[in-house]
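Sequence lines, in order, name chains A and B. Take 5 as the starting number for the first sequence in our numbering and just add one per residue. Take 69 as the starting number for the second sequence in our numbering and just add one per residue.
Mixed in with the good hints there might be a few duds.
Below are the DSS-like pairs computed for lysine-lysine, each with C-alpha atoms no more than 30 angstroms apart in a straight line [stated by the list, open to error]:
{"no.": "1", "chain 1": "B", "residue 1": "Lys81", "chain 2": "A", "residue 2": "Lys72"}
{"no.": "2", "chain 1": "A", "residue 1": "Lys44", "chain 2": "B", "residue 2": "Lys81"}
{"no.": "3", "chain 1": "A", "residue 1": "Lys60", "chain 2": "A", "residue 2": "Lys45"}
{"no.": "4", "chain 1": "A", "residue 1": "Lys112", "chain 2": "B", "residue 2": "Lys125"}
In short, the hints are calculated from the structure, not lab data.
If you want the building blocks of each chain, they are given just below.
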Amino acid sequence: EDKVVQSPLSLVVHEGDTVTLNCSYEVTNFRSLLWYKQEKKAPTFLFMLTSSGIEKKSGRLSSILDKKELFSILNITATQTGDSAIYLCAGGPSGTYKYIFGTGTRLKVLA
Amino acid sequence: KAGVTQTPRYLIKTRGQQVTLSCSPISGHRSVSWYQQTPGQGLQFLFEYFSETQRNKGNFPGRFSGRQFSNSRSEMNVSTLELGDSALYLCASSPGDSGQPQHFGDGTRLSIL
Numbered sequence: 005e006d007k008v009v010q011s012p013l014s015l016v017v018h019e020g021d022t023v024t025l026n027c028s029y030e031v032t033n034f035r036s037l038l039w040y041k042q043e044k045k046a047p048t049f050l051f052m053l054t055s056s057g058i059e060k061k062s063g064r065l066s067s068i069l070d071k072k073e074l075f076s077i078l079n080i081t082a083t084q085t086g087d088s089a090i091y092l093c094a095g096g097p098s099g100t101y102k103y104i105f106g107t108g109t110r111l112k113v114l115a
Numbered sequence: 069k070a071g072v073t074q075t076p077r078y079l080i081k082t083r084g085q086q087v088t089l090s091c092s093p094i095s096g097h098r099s100v101s102w103y104q105q106t107p108g109q110g111l112q113f114l115f116e117y118f119s120e121t122q123r124n125k126g127n128f129p130g131r132f133s134g135r136q137f138s139n140s141r142s143e144m145n146v147s148t149l150e151l152g153d154s155a156l157y158l159c160a161s162s163p164g165d166s167g168q169p170q171h172f173g174d175g176t177r178l179s180i181l
């Protein structure tokens with residue numbers, strides 16, 4: 005059965021800290037891995053990763069995929085209180101939008 | 069460009085009733101997917117529609133159904149509601165090529181009494 009597992013389940017840090025969120029996956033015919041940030045409403049898209057070893061960056065956030073070991077990490081440097089959210093990762097098979105989501109990592113950043 | 073629009077935002081129903089939720093995708097997007105989000109299970113895939121056809125389906129009972137119209141708007145219907153159907157229902161749209169990410173609406177929060 006396809007599955008995506010995220011760790012840790014929750015994390016509390018102080019502003020300025022660096023955090024690493026983990027996502028491991030087992031998805032048949034895997035094509036892409038997506039990261040989303042969810043605050044109170046819609047999950048907002050962060051990254052889509054399809055190639056192994058190529059880091060994607062957006063400001064203080066970065067992510068990388070390892071297709072051999074079947075995992076991805078999301079790094080957030082110099083965290084801010086606005087980074088407090090649930091971070092979701094999802095694995096997607098080729099040719100379909102039937103994404104398998106992990107249960108998320110709840111990040112709380114304290115001032 | 070307007071985002072994904074879901075209506076209504078909140079719904080309260082009782083067991084045994086049925087409900088219809090609506091989703092308007094981003095202009096130009098032809099694929100619409102529906103997810104159920106609960107605290108214990110996270111986001112679970114319900115189904116995906118593309119060009120008015122159901123392209124993929126998750127592991128939900130037949131009480132959950134959907135459809136897509138020619139303008140790509142989609143509706144989801146749940147019949148014979150159960151307490152366990154209480155959840156946030158999220159709709160996501162994409163251009164249709166699975167190489168493009170999905171973008172989510174704010175969801176409809178359904179509460180069953």
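Status of the hints after comparison with the structure:
At roughly 47 angstroms between alpha-carbon atoms, B/Lys81 and A/Lys72 are farther apart than 30 angstroms, so this suggested pair is violated. Between A/Lys44 and B/Lys81 the CA atoms are separated by roughly 22 angstroms; this keeps the pair inside 30 angstroms, and the hint holds. Note on A/Lys60 and A/Lys45: the hinted pairing holds, with a Cα-Cα distance of about 25 angstroms set against a maximum of 30 angstroms. Restraint check for A/Lys112 and B/Lys125: the C-alpha separation of about 34 angstroms exceeds 30 angstroms, so the hint is violated.
Against the hints set out earlier in the document, violations occur for numbers 1, 4.
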